[in-house]
Amino acid sequence: MGPLSGLRVVELTTAWAGPMAGRILAYLGAEVIHVESASRLDSWRQHKQVFSQYRYPRDGQGERPWNRVAQFNSQNVNKLSLTLDLKLPGGRDVMLRLLAKSDVLLSNFTPGTLPRLGLSYDDLKTIRPDIIVAEMPAFGLAGPMAHGPAIGPTMEMAAGMASMIGYPNGPPTTTGPTYPDPMGAFHGAAAVLTALLHRRRGGNGQHVEIPQVEAAMHFIGEHILQAIATGQDPAPTGNRVAWAAPHGIFPSAGDDQWIAVAAPDDAAFQSLCTVLQRSDLAQDSRFATLPDRLLHQDELEAAIAGATRLHDKQALAERLQAAGVPAAPVNDAAEAAASPYLADRGHFTDLLHPEIGVVPHEGLPFRLSATPGGQHRASPCLGQDTEMILRDILGLSEAEIVRLARDGTIAADPA
Amino acid sequence: MTAALAGLRVLDASDSIAGQFCGRMLADFGAQVTLVEPPGGASVRRDPPFHPDGSSLRFFHLNTGKSSITLDQRIPAGRVLLTQLATGADVVIAGAGVDRAALRAANGRLVTALVSEFGEDGPLAHWHGTEMIQQALSGAAHRNGQPDQPPLYGTGDRAAYAAGLGAYITILAALYAREDSDQGQDVAIDVAQTTSSMTNPFMTQYHYSGLVEPRGERRMPLIRVLCQDGWVGVWVHLHRWRATCAAFGLPDLADDPRFADPRIRLDNWPALNAVFQEVAVQQRADDLLYHLLNAHAVAARAYSLTELWSDCAHLAERGFWEQVETEDGPRPVLGPQFRMSQTPRQLTGGPPAPGEANDRCYAALGISMAERAALRHAGVI
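Listed in order, the protein sequences are those of chains A and B. For the first sequence, counting from 1, position 43 maps to 43 in our numbering; every step adds exactly one. Numbers given in our numbering equal positions in the second sequence, counted from 1, plus 1000.
It should be emphasised that the hints constitute simulated quantities derived from the structure, not laboratory data. Treat the hints with care, as some may be off.
[As the list claims (entries may be wrong)] Here chain B is said to cover these stretches of chain A; the calculated rule only asks that three of the stretch's residues, wherever they fall, bring their Cβ under 8 Å from a Cβ of chain B: (1) 144-155; (2) 167-177; (3) 195-203; (4) 214-221; (5) 329-336; (6) 357-364.
The beta-carbon is built from N, C-alpha and C at its ideal position, and this holds for glycine as well.
Turn these sequences into a full structure, and let the hints steer you where they fit.
This is the structure in structure tokens:
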């Protein structure tokens, strides 16, 4: 039994950050309903996108590619899918009836969308006084940039992070996995939980705004405060840092294989030299202390790279770690997925998807001894649960459901 | 207004970025959070980056709003004190090696949170993590940087921060469950598993397709241009292609054969970026940004950190920057991660001096002034 079992969350979300926030709540036991529009699909269903072979099962896209794409299916585990055209009167009516029976509305639409749909917090609290409405706009609900749409990489730029990342003298760089999206997801879930716990301990419902960029800035908060205090900006330095040398990603044996190695102090550097069998480096006066090594980083890194390239990245990382030196192989997705560590944590759950079959699903890192969360159902196909929700949760008659189907309100075929 | 977490008492004995960030969030939203430090002060107090006055800004950022007591967890007398303190707490945040069973035996309603790099068990329990190590291991670094250069790890300590935020989520979920069960529980979060959870779903892609995308920066439709006074980035959505060209003042570019077809546009991305760069160099960053935003293009300035503070009208207008009072006068702090209409974040003060709450907390346990002096003398507190 997840800690949030018995709670119902309705999501108006798309892409990654919003759906992942809902997925966290679903993992923790809430019933989460992903409300989708068939006329404008969740962008992570990848409808009308340039085809990517990496994102579909080996046997291809199938007749309904939007149900078979890894992006959507990774972020909507445990959820129900309800297709609803909110611009039609019947759609809004169904939505209001559903929200009257729900604890949370979670949205990552751009500011103003909920009020335009008649679903603002003020609208909703009249039908459900203790409802929690959480909105996750990238730049917040107000301010000169608030209307701007955003995506992980532009959020990474706006939060100041991209300016800190890059090769020396290179342009501001965003991370490939677009880190700010899951940051926004975690912040969204944290905000909802804060409001839920407050309500459970005797408080009321409320509106919560999660400006994803401002939230993300906390992850580099100390660096921002330093820039404010000194007037100086950190410059991109590749993988180098001021507190360790070497601190880099070095070639290892094989084609395009890499190992990350850090020596935060002199003892770690001595151990590194021992494992690499390079006592000459350990005794080299240019590398004697951290300040020395920081001063001679080019020579130091060339020497380390000359040694690491002789070794298998995994075996060398294990030996370095055993000697007290922070090190890790640079894993690709297949290597990461095969990690004995993740297996030990039960990170993957085999789930049966109706149009794909059994696939391992990536989990979440929250471990609770008494009320563990978990994954019990693969991501829903588009509109998979519409009829069940209308019938069993809202108590609509067959005739009413047929009417909604006939006028396209609950259509499940993408335009 | 009351705070969302008012009345909850937290002992933050973690001495890590992840644990202390979790504690900072609990304090921000109203819990009474006490940092439990070794007698010499938490190690984070000695971490860079530093304020010009020599104090750690990491410590400041992670511990604003907390109080502090000192005790040495390595010696039995210190552990006894921690157990006594835990009898009056709702949550203990701890690193690896703390006897959480003993704490819960003393207080069945306690939520204990183990926050660590690799956990206390499992194949990597003895590993040493840093941001770069976690990003390498998780598969994230593999997708950072150019394919003809070494992978990049990213910046800062974002993996640890994410784990701290994950710990906050986990603790609140356990407190929510406690409202029904009246029982605490042990929760745990690893930086390593958190980092894996926060990569793009490349592992799921692999499980689906059996394929691994090649190393290096993904082929993302991301334009980066340097204006007169700063960088601007644009994510060129398929359906915003024409709007983006128009916002750059180049409406005809949309039909240029090198770029018109989205399937070949990415192949010619450096050429496209160069065309946009020629326009951008003649413009101010804000002017280009608002042209783009008003055309509903996905765009942002790539702010430097000082620009965030001094040149971002958006943050200023939103009242993002706040101040806390400290012994050294007012200091700036970042605005809240989320804005709650009924229970907004509350800033109560700056970070604590080591042990500033010793007398109050230990007296509350019934430890006399003479006994406290003896504990201090013995190096326990």
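Here is what the structure says about each hint:
1. 144-155: holds (count 11)
2. 167-177: Holds: 8 residues of the stretch 167-177 of chain A have a Cβ under 8 Å from chain B.
3. 195-203: holds (count 7)
4. 214-221: It holds: at least three residues are needed, and the stretch 214-221 of chain A offers 7 whose Cβ sits within less than 8 Å of chain B.
5. 329-336: holds (count 8)
6. 357-364: It holds: at least three residues are needed, and the stretch 357-364 of chain A offers 6 whose Cβ sits within less than 8 Å of chain B.
This entry satisfies every hint, going by the numbered hints stated previously.
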